[in-house]
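K.L.:
Respectively, the protein sequence lines represent chains A and Y.
Here the first sequence stands for residues 0 to 332, where the numbers follow numbering that gives the first Met the number 0.
Here the second sequence stands for residues 0 to 153, where the numbers follow numbering that gives the first Met the number 0.
To be clear, the hints were calculated from the coordinates, so they are not data collected in a lab.
The C-beta atom is built at its ideal place from N, Cα and C for all residues, glycine as well.
Treat the hints with caution; some may be incorrect.
[As the list claims (entries may be wrong)] Quick list of in silico lysine-lysine cross-link-like pairs, PhoX-like style, CA-CA up to 25 Å:
| # | chain 1 | residue 1 | chain 2 | residue 2 |
| --- | --- | --- | --- | --- |
| 1 | A | Lys58 | A | Lys183 |
| 2 | A | Lys124 | A | Lys214 |
| 3 | A | Lys122 | A | Lys147 |
| 4 | A | Lys20 | A | Lys183 |
| 5 | A | Lys164 | A | Lys183 |
| 6 | Y | Lys130 | A | Lys330 |
| 7 | A | Lys214 | Y | Lys136 |
| 8 | Y | Lys6 | Y | Lys136 |
| 9 | A | Lys147 | A | Lys58 |
| 10 | Y | Lys130 | Y | Lys6 |
| 11 | Y | Lys41 | A | Lys330 |
| 12 | Y | Lys55 | A | Lys297 |
| 13 | A | Lys151 | A | Lys125 |
| 14 | A | Lys330 | Y | Lys55 |
| 15 | A | Lys58 | A | Lys79 |
| 16 | A | Lys124 | A | Lys147 |
| 17 | A | Lys214 | Y | Lys55 |
| 18 | A | Lys25 | A | Lys183 |
[Said to hold, decoys possible] Examples of chain Y residues toward chain A, derived with CB under 7 Å:
| # | residue |
| --- | --- |
| 19 | Phe81 |
| 20 | Tyr82 |
| 21 | Arg85 |
| 22 | Pro95 |
| 23 | Gly98 |
| 24 | Glu105 |
| 25 | Val120 |
| 26 | Leu131 |
| 27 | Pro135 |
| 28 | Ile137 |
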Amino acid sequence: MGNPRSESNKGDQVKFQEELKDNIRKALPELDVVIGWCGSFDPLHATPHFMRREEDIDKLEISPLSVHNLATYLPGLRGKKVGIVVKGCDSRSVVELLQENLINREDITIFGFPCTGVVDQSKIKKALGGHTGNIEFCDMSESVIVIKSEDKAYTLPMAEMLADKCSSCRYPDAVISDYFAGEKIGNKGEEDADYAAVETFENLSVPERFGYWLKEFDRCIRCYACRNACPLCVCRDHCAAESRDPHWLSQENNVRDKLMFQVIHAYHLAGRCTECGECQRACPVDIPVLMFKQKMNKEIRDTFQYEAGVDPEATPPLLSFKMKEENITEKVW
Amino acid sequence: MPVLTGKELRIVGFLCNWCSYGGADTAGIGRFNQPTDLRIIKVPCSGRIDPLFVVKALMNGADGVLVSGCHPRDCHYAEGNFYARRRLEIMHNFLPIIGYEPERFEYTWVSASEGQRWQQVVTSFTEQIHKLGPAPKILGPEASDTLSLMQAAL
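Please put together the full structure from these sequences, using the hints given.
P.N.:
Structural data, given as structure tokens:
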């Protein structure tokens, strides 16, 4: 905490937050609602914040607790004038929604800011010994998180508490924005994508991989939080998971159907997923479901040199074809 | 008990109505010898095949899945197989992460006149699946062995 660098960074953060609030104040009269984040039931959590009146803006808080991808709300608010505060990863979901004509560009106002990463609540929970009740105090700097819970104080290194997607983040700044508060950090391109975790997993033997998923999905409770939190799962009442005709999944409680649902989810996101990680964050039993989507994205990148959520005008790779595919080698019999 | 129990594996084939199903027919009319592990499902076009059919088949007890359509540029619907090629290729490469060998699933093109080629495809694909052995089962009577093997592997 005594680190001068972290304090000056915190100063920057306060400065861009004020700038962001000014931006929202300027735009709010033209908008029905602006979505951001604010404090929640305890100092360790934030919650989505819907700003309709000027006084709501004061409650806006941007911090490493701003984990939610607010783009998930946009398709449901179609037709309204909506402002949205986005992290870099969230902005890619907005781009993807625009690309698929699920929202109208003229109806949304995007507020960007330079994101330095958000925490993974599961990691914090683990560091606190498995439960996060009675948080009395929480303070964050760039390097540490200080938490007081049930008369115990914890000092956790920020770098270890960041979500995995943040440590390898390539888009800290919004890729699309109408207002940008603070100074941009600088984005990297698709070629810097890091799929080391997927590659390590693929080096395991076949029974190890299969067994791993059977073990992980054994505790899935089929709550579909992964689907509901996903900004690109827009079928809502027409989801394949609940369809009876075709009957993709039974109502039984078995690992096969749980695993099958994740494959359906990953495949329906092929060439669309921006790896915002909402599925994994929303999972109440901490199943690493993001890995399927990362693998899918890795294949899409390697085969079609395409990355979702960067260019709203791009054509998704599975909606087009070439007579001769450069990167597809067909089997010779 | 059927004589082939234990010798035959379950392979599901999705064939397009216009080329590959005709090709399989031609092979039959020509009386070409073929292994009997393959069960054919006729679909209107290879573009009709949702790659999730492949996973669904594997998870429900198939040991291998073969998809066959018209040769590129020969699709009855002009471009169905071009879309299919992209989708199926992605699914083929995706399978290892779930824990299936990618070789359990292949897609190819056989025209209605290529009875010989059909025989060759079926024979070598069946061989390929027999080399891999039965796919891991999640449910049903064969599942208990696999599950205990998995637990041991972890």
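K.L.:
Looking back at the hints listed earlier, which ones does the structure fail to meet?
P.N.:
26
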